[in-house]
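One line per chain: the protein sequences are A and B, in this order.
If you use our numbering, the first sequence corresponds to residues 3 to 368, in order.
If you use our numbering, the second sequence corresponds to residues 220 to 346, in order.
Hints listed in this document are in silico derivations from the structure and should not be mistaken for laboratory results.
Built from N, CA and C at the ideal position, the CB exists for glycine as well.
One should not assume that every hint holds.
Unchecked claim - A few chain A residues that face chain B, going by a derived Cβ cut-off under 7 Å, partial list only: (1) 38; (2) 41; (3) 43; (4) 230; (5) 322; (6) 323.
Claimed, not checked - Computed from the model, here is a short list of chain A residues facing chain B with C-beta under 8 Å: (7) 42; (8) 302; (9) 306; (10) 326; (11) 327.
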Amino acid sequence: MPVPAFGMSRQTPLYQRHTDRGARFTDFGGWEMPVEFDSIRDEHDSVRETVGKFDVSHMGEIELGGPDAPELLQRLTTNDVSGLDPGEAQYTAITDADGIMLEDTVVYRLPDGETYLFVPNAGHDEAMAERCAWIREEWDLEATVDNATTDWAMLAVQGPDAIDRFEAVAGSPFDLGRFEIGERELSGVDCLVASTGYTGERGFEILAPWGDAPTVWDAFDCQPCGLGSRDTLRMEMGFLLSGQDFDPEDEPRDPFSAGLGFVVDLDTEFVGRDALEAVYEEGPTAEFVGVKLIDRGIPRHGHPITTPAGEEIGHVTSGTMSPTLGDPIGLGYVDSEHASADTLVRVVVRGEPKKARIRTTPFVDR
Amino acid sequence: MSFEIPADLRYLDSHEWVRTTDGSATIGISDFAQDELGDVVFVELPAEGDEISADDDFAVVESIKAVSDIYAPVSGTVTAVNETLLDEPELINEDPYGEGWLVEIDLTDESELEDLLDADAYAEQIE
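So here's chain A without its partners, still in its complex pose (with noise of 0.2 Å):
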């Protein structure tokens, strides 16, 4: 059984909540977070059918100011910022010089126009501030870096209700378009809103003031879902996790190879570039597939994937019983020759080979 790690574990401001609620705990990226209020097959099914809330303000915040802050952004991260407006957001990827996925994450422009705001994964806020320095640094910028991550809590509500339920309590209709950010009054508090999330689904991240975040989470009166339903979502629409898809250290990755390779713009200049040129150039030697079992069987972290006749070609990174379609799904790398959808091939579960099939993400349509 896991044995949930606290100590030194941080606590979100919604820790009281969660505990007052009966979720369970697990330490994800040095923060003590709920896995599971319910059931993960209960909140999954919230989500896809009506609606769910998350507290992931284990997320960091990044904000960036100054002169300069665009062309740090532009040196930090794949994508090309130039293009973003005030209320604008995009996905992207910051690299090493060898090309190697650090993080992928969402760069927001803030309504002002003057801070950038961007949201590094759990536990790696103080590494992409420094990060920021660094570059700052490096290419005599005129720029202010805040690591902002217990500055503002970050919840999300996500499904089909998702909008219905702002506009409740916001009293105004929901009008942030795709990937868009914008200041809303909830409950008496002043939040940024954005179009964005991690499940697939219509819906809405909030960033509030930390100390304000109960007010926020209470107005949503809906089901409260752990990082158990998270993981399952978003592996059901191909998302990448960082730490367990790509890693610097235990799943070395390039964007193209992780099927980012919308989101690096080699226009620009960034730390990483000229590798990833490379890699362009010559095509990714493997790719972020899709897997499904034929065989029973649930594919997991580390099993091997092989062709019929047992040559290693690739590894599942994540794995589930998909509780949307009740089928067991995986993501993970193969040589990219064997990558095309429908490819059969065979993923060792307990050193048992089990049939398989490639397939394209998203698992479920949407």
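Chain A is already provided as a structure; the job is to place chain B on it using the hints.
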């Protein structure tokens, strides 16, 4: 939260239970164990006729979030496996001491039962 711990069963500290009747034994996982695992979605069981040994893993129970090896509280020969679980693994959550049983075995050495926890000792352990 309080968990059901039937007084007539014996337990292993890794949360398996055993029920004995005339030299045969039924094995499953405890109410506490099914709650810890969460929604059970997959079970891998031995075949009839397999030999299992006390303290060795003989089955696997997977929930949405975790994979758990199941250990044999006692040694013996498998005489029946709960095949209903292959299609309805959720029975382990719904009825861990009844319809959620895993296997039935012929005991090799009844004295092994003395090494197991009784209900009170097991209750203390999961407190």
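How the hints compare with the structure:
Checking residue 38 of chain A against chain B by beta carbon gives a least distance of about 6 Å; that is within 7 Å, so the hint holds. Evaluation of the residue 41 of chain A hint against chain B yields a held restraint, the C-beta minimum of about 5 Å falling below 7 Å. The criterion of a C-beta within 7 Å of any C-beta in chain B is met by residue 43 of chain A, whose closest approach is roughly 5 Å, and the hint holds. Checking residue 230 of chain A against chain B: minimum C-beta separation of about 5 Å stays under 7 Å; hint holds.
Look at residue 322 of chain A: its Cβ gets to within about 6 Å of chain B, closer than 7 Å, so that hint holds up. The closest approach between the C-beta of residue 323 of chain A and any C-beta of chain B is roughly 4 Å, which is under the 7 Å cut-off, so the hint is satisfied. Taking 8 Å as the C-beta contact cut-off toward chain B, the hint placing residue 42 of chain A at the interface holds, the least distance being around 5 Å. At about 6 Å, the closest approach between the beta carbon of residue 302 of chain A and any beta carbon in chain B falls short of 8 Å, and the interface hint on this residue holds.
Proximity of residue 306 of chain A to chain B is violated relative to the hint, the smallest CB-CB distance being about 16 Å (cut-off 8 Å). The interface hint given for residue 326 of chain A is broken, as the beta carbon of that residue sits about 12 Å from the closest beta carbon of chain B, more than 8 Å. Interface restraint check: residue 327 of chain A against chain B, minimum CB-CB distance 12 Å, threshold 8 Å, status violated.
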